[in-house]
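Number of protein chains: 2
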Amino acid sequence: MTGGPAEPVRPLRLPETAPAMRLTTFTDYSLRVLMYVAAHPEGRATIGEIAAAYAISENHLTKVVHFLGKEGYLTNLRGRGGGLQLSRPATQINVGEVVKATEGGDVPAECFERESNCCAITADCKLKFALGAAVRAFYDELRRHTLEDVARNRRALTRVLLAPPAAGGYDRSRRRKSASASAKPARP
Amino acid sequence: MTGGPAEPVRPLRLPETAPAMRLTTFTDYSLRVLMYVAAHPEGRATIGEIAAAYAISENHLTKVVHFLGKEGYLTNLRGRGGGLQLSRPATQINVGEVVKATEGGDVPAECFERESNCCAITADCKLKFALGAAVRAFYDELRRHTLEDVARNRRALTRVLLAPPAAGGYDRSRRRKSASASAKPARP
DNA sequence: TATAAGATGCGTATCCTATGCAGCTTAAAT
DNA sequence: ATTTAAGCTGCATAGGATACGCATCTTATA
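Chains as they are written, first to last, in the working numbering: chain A, 127 to 314; chain B, 127 to 314.
Examples of chain A residues toward chain B, derived with CB under 7 Å:
hint	residue
1	Leu253
2	Ala256
3	Ala259
4	Phe264
30 Å max Cα-Cα, derived BS3-like pairs, lysine-lysine:
hint	chain 1	residue 1	chain 2	residue 2
5	A	Lys189	B	Lys252
6	B	Lys196	A	Lys254
7	B	Lys189	A	Lys252
8	A	Lys189	B	Lys254
9	B	Lys189	A	Lys254
10	A	Lys254	B	Lys254
11	A	Lys252	B	Lys196
12	A	Lys196	B	Lys254
13	A	Lys196	B	Lys252
Simulated from the structure, these hints should not be mistaken for laboratory data. Note that beta-carbon positions come from the ideal geometry of N, C-alpha and C, so glycine has one too.
Make a model of the complete structure from these sequences and hints.
This is the structure in structure tokens:
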């Protein structure tokens, strides 16, 4: 595992650090799916349809949709003529709740995990409270919005989403260029 | 790269998703370093000293410290007898600013990146504003605290930090057990 | 019974993050 | 001057997380 012939060249990355505090695409896609379905209240939307509209991976979307079904946001109907519907009206789907579900809780740092925490100063560290409050503030702000709010201009959304995607389907090449040239990797 | 004999067994991970919106250890260490130095206002702290106190990697700390120096939080003195000092009094070092610097800005999702954004509905999507406000709320809450606040009980901190670490130095085995058994990977 | 949809389980390609390490530079002691 | 104790710098790498791809099964409708 350590030995072996050295790889040819390898593209050469910059280590250092990069931004965190960022939503996963899982969350991103979750919200997009919900907005799509909300914008199409009549018929049922399908995974393929949504993937094409946003030009994103159908495979990954499948899992997102399944998750949203399990969580009670979507009603997923199998079989021919099946598809997706909102389980509740958009006014009763809260953006903060969705994000919390898809992001999996509010644990901003190691000190918040009961089990694995091994920071030496936990007991006397006030930072914990500050961080906890900040995360709470984040979700509180998100909780002020419902799916209805964010997908409000349904007409415009529907128009955009029904238009055929620019080129072919999903182009996985242009994604996350990690356009970080902001803070740390700056070398004079 | 695609072919080749299948690897023996491989520990078998669960894919799906896991929590994001979490601080990097880079940020974690940055805050710990500042708290340490704040708790030792007389002499100068050294990297080795701090790494030992928290039982964390000296190598990584080196880069953290260097970064904090570049950003103007620390004054790093080289050479024998050198070490670290706060560049400003702790009352003038803001936790929110530090986190923003170490986390590298407030870009919670793809739609916020001018360049690489390719979400189909950006123009008509209100979600962007909600997310932006939430991130702002996060930092606003953090900005309410200074290093002086979080490192307030200096006496207790100093006591804990000066105590020798439990066992030997830095044990890199127990870290980030990713104790996620909360949301998605639940399979009945 | 064909067909269209979602469900599932497994494999994998990249990243990202956190480190390791070797050598260099700077500055205070001796 | 020379030693020595710091931090600086530029590689390299490991390990885990994320986001997919793919094949197959299940369900339900026509």
